[in-house]
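Could you put together the complete structure from these sequences and hints?
Protein chains: 2
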Amino acid sequence: MPKRPSKASPAYSPADILKLARSSIQALKPYVPGRSIEDVKAQYHPKQIVKLGSNENPLGANPKVLKAIAKVLPKISLYPDGSSRVLREELAKYCSAKDGAVSADEIIVGNGSDEILLMIALAFVKPGERVVVSENTFSEYEFSGRVLDAEIVKVPLKEFRYDVDAFAKALAKKPKMMFLCNPNNPTGNYITHGELEWLLKKTPRSCLVVVDEAYGDYATEKDFPRSVELMRKFPNLLIARTFSKLFGLAGLRLGYGIGAAELLRETLRVKTPFNVNLLVQTAAVTALNDKTFINKSLSVNSKGRLQIEDGLQKLGLFYLPTQANFICFHVPRPAVDLCEELLKRGMIIRALKSFGLPDWCRVTIGTREQNAFFLTELKSALQRA
Amino acid sequence: MPKRPSKASPAYSPADILKLARSSIQALKPYVPGRSIEDVKAQYHPKQIVKLGSNENPLGANPKVLKAIAKVLPKISLYPDGSSRVLREELAKYCSAKDGAVSADEIIVGNGSDEILLMIALAFVKPGERVVVSENTFSEYEFSGRVLDAEIVKVPLKEFRYDVDAFAKALAKKPKMMFLCNPNNPTGNYITHGELEWLLKKTPRSCLVVVDEAYGDYATEKDFPRSVELMRKFPNLLIARTFSKLFGLAGLRLGYGIGAAELLRETLRVKTPFNVNLLVQTAAVTALNDKTFINKSLSVNSKGRLQIEDGLQKLGLFYLPTQANFICFHVPRPAVDLCEELLKRGMIIRALKSFGLPDWCRVTIGTREQNAFFLTELKSALQRA
Numbered sequence: 001m002p003k004r005p006s007k008a009s010p011a012y013s014p015a016d017i018l019k020l021a022r023s024s025i026q027a028l029k030p031y032v033p034g035r036s037i038e039d040v041k042a043q044y045h046p047k048q049i050v051k052l053g054s055n056e057n058p059l060g061a062n063p064k065v066l067k068a069i070a071k072v073l074p075k076i077s078l079y080p081d082g083s084s085r086v087l088r089e090e091l092a093k094y095c096s097a098k099d100g101a102v103s104a105d106e107i108i109v110g111n112g113s114d115e116i117l118l119m120i121a122l123a124f125v126k127p128g129e130r131v132v133v134s135e136n137t138f139s140e141y142e143f144s145g146r147v148l149d150a151e152i153v154k155v156p157l158k159e160f161r162y163d164v165d166a167f168a169k170a171l172a173k174k175p176k177m178m179f180l181c182n183p184n185n186p187t188g189n190y191i192t193h194g195e196l197e198w199l200l201k202k203t204p205r206s207c208l209v210v211v212d213e214a215y216g217d218y219a220t221e222k223d224f225p226r227s228v229e230l231m232r233k234f235p236n237l238l239i240a241r242t243f244s245k246l247f248g249l250a251g252l253r254l255g256y257g258i259g260a261a262e263l264l265r266e267t268l269r270v271k272t273p274f275n276v277n278l279l280v281q282t283a284a285v286t287a288l289n290d291k292t293f294i295n296k297s298l299s300v301n302s303k304g305r306l307q308i309e310d311g312l313q314k315l316g317l318f319y320l321p322t323q324a325n326f327i328c329f330h331v332p333r334p335a336v337d338l339c340e341e342l343l344k345r346g347m348i349i350r351a352l353k354s355f356g357l358p359d360w361c362r363v364t365i366g367t368r369e370q371n372a373f374f375l376t377e378l379k380s381a382l383q384r385a
Numbered sequence: 001m002p003k004r005p006s007k008a009s010p011a012y013s014p015a016d017i018l019k020l021a022r023s024s025i026q027a028l029k030p031y032v033p034g035r036s037i038e039d040v041k042a043q044y045h046p047k048q049i050v051k052l053g054s055n056e057n058p059l060g061a062n063p064k065v066l067k068a069i070a071k072v073l074p075k076i077s078l079y080p081d082g083s084s085r086v087l088r089e090e091l092a093k094y095c096s097a098k099d100g101a102v103s104a105d106e107i108i109v110g111n112g113s114d115e116i117l118l119m120i121a122l123a124f125v126k127p128g129e130r131v132v133v134s135e136n137t138f139s140e141y142e143f144s145g146r147v148l149d150a151e152i153v154k155v156p157l158k159e160f161r162y163d164v165d166a167f168a169k170a171l172a173k174k175p176k177m178m179f180l181c182n183p184n185n186p187t188g189n190y191i192t193h194g195e196l197e198w199l200l201k202k203t204p205r206s207c208l209v210v211v212d213e214a215y216g217d218y219a220t221e222k223d224f225p226r227s228v229e230l231m232r233k234f235p236n237l238l239i240a241r242t243f244s245k246l247f248g249l250a251g252l253r254l255g256y257g258i259g260a261a262e263l264l265r266e267t268l269r270v271k272t273p274f275n276v277n278l279l280v281q282t283a284a285v286t287a288l289n290d291k292t293f294i295n296k297s298l299s300v301n302s303k304g305r306l307q308i309e310d311g312l313q314k315l316g317l318f319y320l321p322t323q324a325n326f327i328c329f330h331v332p333r334p335a336v337d338l339c340e341e342l343l344k345r346g347m348i349i350r351a352l353k354s355f356g357l358p359d360w361c362r363v364t365i366g367t368r369e370q371n372a373f374f375l376t377e378l379k380s381a382l383q384r385a
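The listed protein sequences correspond, in order, to chains A and B. Under our numbering, the final residue of the first sequence carries the number 385; numbering is consecutive throughout. Under our numbering, the final residue of the second sequence carries the number 385; numbering is consecutive throughout.
Hints in this document: simulated from the structure, not taken from any laboratory. Every value quoted in this text rests on a predicted model; they were computed, and no experiment measured them. Worth double-checking, as some hints may not be accurate.
Same chains, same names: a pair is fine if it fits in one copy or spans any two.
[Unchecked claim] In the BS3-like style, the derived pairs of lysine-lysine whose C-alpha atoms are separated by at most 27 Å in a straight line are:
id : residue 1 : residue 2
1  : 126       : 19
2  : 47        : 64
3  : 19        : 173
4  : 71        : 296
5  : 158       : 64
6  : 174       : 19
7  : 174       : 233
8  : 75        : 64
9  : 169       : 19
10 : 126       : 154
11 : 126       : 29
12 : 47        : 75
13 : 75        : 344
14 : 379       : 174
15 : 126       : 174
16 : 296       : 174
17 : 158       : 353
18 : 233       : 19
19 : 75        : 296
20 : 67        : 41
21 : 19        : 202
22 : 173       : 29
The following block contains the structure:
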């Protein structure tokens with residue numbers, strides 16, 4: 001790479017920067033993403049690489065979606081519809097069929113659900129207000145609060161599950177917002193409809209409750225929350241979802257939120273004009289309506305879950321019951337080392353140190369072949385230790 | 001659309017919402033985008049539609065870019081590289097050749113330059129600090145300041161140009177940030193290298209100066225700022241640019257910023273993990289390296305500028321000299337009415353009421369045919385008045 005010319009002015013010193021930047025952001029740690037195929041290829045040159053590290057859809061790209069994108073591709077020089085109207089209407093139809101009547105003005109879309117979470121915080125969280133998050137969960141909830149100068153109130157898991165009692169107790173601190181990940185990333189377990197309703201009953205309307213259901217599409221338990229039904233009773237409930245998992249569009253970036261139109265109207269004030277790109281607006285509509293791909297993805301996931309659970313049992317490893325597209329399991333040595341060993345063999349999974357669980361790993365449920373490769377390499381890596 | 005069920009709980013009242021939402025965002029007005037082809041088609045059913053309303057590249061999609069996207073399309077189920085490493089390295093090469101040595105850690109990328117502007121504000125602007133913007137300019141500068149609870153200091157244009165003296169005087173208010181649009185959207189004129197250097201000399205390093213060069217690629221005047229050279233001398237200068245204009249990628253969303261690595265490191269703290277989608281990371285690299293498309297775009301623009309200027313002169317209309325891919329011209333009746341009349345004829349241009357210039361229009365410089373259609377329809381619409 002070209003170097004900076006030597007005549008460059010002295011840039012800002014750490015002390016200068018501390019004065020210039022907002023102090024709250026100094027506590028923000030950069031997000032730790034899963035390893036990419038390219039990285040691992042460059043580092044270890046394994047014969048083949050199987051990536052089950054980022055909870056992507058193991059079926060890969062949906063061919064119908066690729067066709068839909070190809071059709072709209074010649075329009076890339078034009079700005080997208082800033083209001084994503086057609087997409088929001090289709091999402092309203094999809095959710096209405098699945099969750100109970102939802103209208104397009106109760107849907108908000110963003111550049112990944114990361115942007116949805118940030119927009120909600122940006123619209124509502126005032127400096128010094130409290131935001132309640134769980135420990136051992138997706139880091140973007142804490143990020144969204146911190147970026148807005150919130151005081152973060154952290155509640156621990158209880159027996160590796162979200163602790164609804166602890167959330168209720170945290171209400172004594174009069175929080176402005178609570179974030180729940182359901183099913184939780186990375187533990188894979190869930191809070192029930194009854195638990196969420198109980199918590200919402202205790203929560204004043206001055207506190208917004210954001211439930212991130214990024215993995216909710218995979219939940220099969222009967223008592224998984226019917227969150228849209230709860231949103232009708234408790235208008236302070238906002239639901240975030242994503243196209244990165246079941247719909248297989250992680251690369252295109254699309255998340256959506258469901259909430260009271262009044263709340264979303266305020267959230268939209270902080271939206272940049274064209275936040276959702278042209279291609280994903282079209283791709284998502286096709287993905288939503290492709291029941292075949294959706295059902296196949298769900299079926300691969302439920303079969304793969306049994307396969308991996310069975311394999312982990314045979315290896316004598318403890319795992320948590322999952323309602324998501326991944327499984328969280330305990331390992332007998334530092335997970336970071338084990339995962340590095342697996343990388344050398346071309347197997348990408350996630351060590352959960354950055355989630356505060358240094359003895360645990362998370363593996364995405366893949367296809368039969370991918371899961372088999374994972375179990376073989378895991379067995380071999382464990383023996384090597 | 002499905003209706004909300006009648007048993008819905010009473011949602012938030014306006015008074016509730018005022019209490020809940022951050023007060024600063026109440027002043028945010030939704031962005032007013034240009035009209036889309038679909039909207040105009042649905043409303044007026046004109047025989048043909050020519051869109052010169054949003055300063056998009058009139059050549060449309062670059063075929064080489066389409067091919068590059070097609071190749072990477074099968075990867076859309078995978079998360080993009082969150083650090084956009086390859087793209088930033090290619091941008092560093094591109095800028096080094098054009099502007100003088102720049103390294104990849106002096107480049108930041110975002111979901112459109114809108115996101116760059118917001119991230120810079122989010123990283124540096126503290127509540128109550130002052131942000132200086134011009135009147136009659138792109139609205140996102142004011143937006144970025146307001147969203148962070150800044151006090152907005154507005155300086156008027158002087159003879160329809162950015163007033164560098166007024167910016168310098170505004171320094172008495174000890175602002176944290178100043179935004180300049182160069183060339184200015186929507187007037188098309190520019191501040192010179194000498195003017196920008198003069199302003200930077202007067203500006204303390206505690207005030208960040210953000211120059212948005214979204215249209216800088218079209219500037220041909222010799223004294224247009226060599227902003228990267230100035231950034232070396234004044235590390236408080238940040239430069240924002242976009243792929244939505246010359247590179248023809250408005251639909252895919254990509255903006256970039258150039259600045260001191262120390263400043264960008266702080267800005268990156270507020271970045272969401274995967275802000276730039278997979279396809280645009282690839283598309284942009286191809287677009288950067290396609291000199292043929294770039295040169296053709298520039299040539300179409302310079303020829304078109306003469307064609308439109310000539311046409312406006314013949315119609316007796318006053319216009320401002322432009323260094324961008326659009327021309328700002330005065331009209332003898334409310335521009336909103338005139339533009340509505342043009343819409344009926346299938347001609348989309350922009351009335352500048354939302355920019356505070358109710359007697360002015362902005363037309364994107366198009367192809368020869370598009371410009372001819374515009375001039376014919378404009379003449380006819382004016383006669384009809």
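So, going through the hints one by one against the coordinates:
no., hint, in the structure
1, 126 - 19, "both (21 Å within a copy, 11 Å between copies)"
2, 47 - 64, "neither (31 Å within a copy, 32 Å between copies)"
3, 19 - 173, "between (30 Å within a copy, 18 Å between copies)"
4, 71 - 296, "both (24 Å within a copy, 25 Å between copies)"
5, 158 - 64, "neither (43 Å within a copy, 54 Å between copies)"
6, 174 - 19, "between (31 Å within a copy, 14 Å between copies)"
7, 174 - 233, "within (21 Å within a copy, 49 Å between copies)"
8, 75 - 64, "both (19 Å within a copy, 14 Å between copies)"
9, 169 - 19, "between (37 Å within a copy, 23 Å between copies)"
10, 126 - 154, "both (18 Å within a copy, 25 Å between copies)"
11, 126 - 29, "both (21 Å within a copy, 20 Å between copies)"
12, 47 - 75, "between (39 Å within a copy, 20 Å between copies)"
13, 75 - 344, "between (42 Å within a copy, 23 Å between copies)"
14, 379 - 174, "neither (48 Å within a copy, 63 Å between copies)"
15, 126 - 174, "both (13 Å within a copy, 24 Å between copies)"
16, 296 - 174, "neither (44 Å within a copy, 60 Å between copies)"
17, 158 - 353, "within (18 Å within a copy, 57 Å between copies)"
18, 233 - 19, "between (46 Å within a copy, 20 Å between copies)"
19, 75 - 296, "between (31 Å within a copy, 19 Å between copies)"
20, 67 - 41, "between (29 Å within a copy, 25 Å between copies)"
21, 19 - 202, "between (41 Å within a copy, 20 Å between copies)"
22, 173 - 29, "within (25 Å within a copy, 33 Å between copies)"
Hints 2, 5, 14 and 16 from the list above are not met by this structure, while the remaining hints are.
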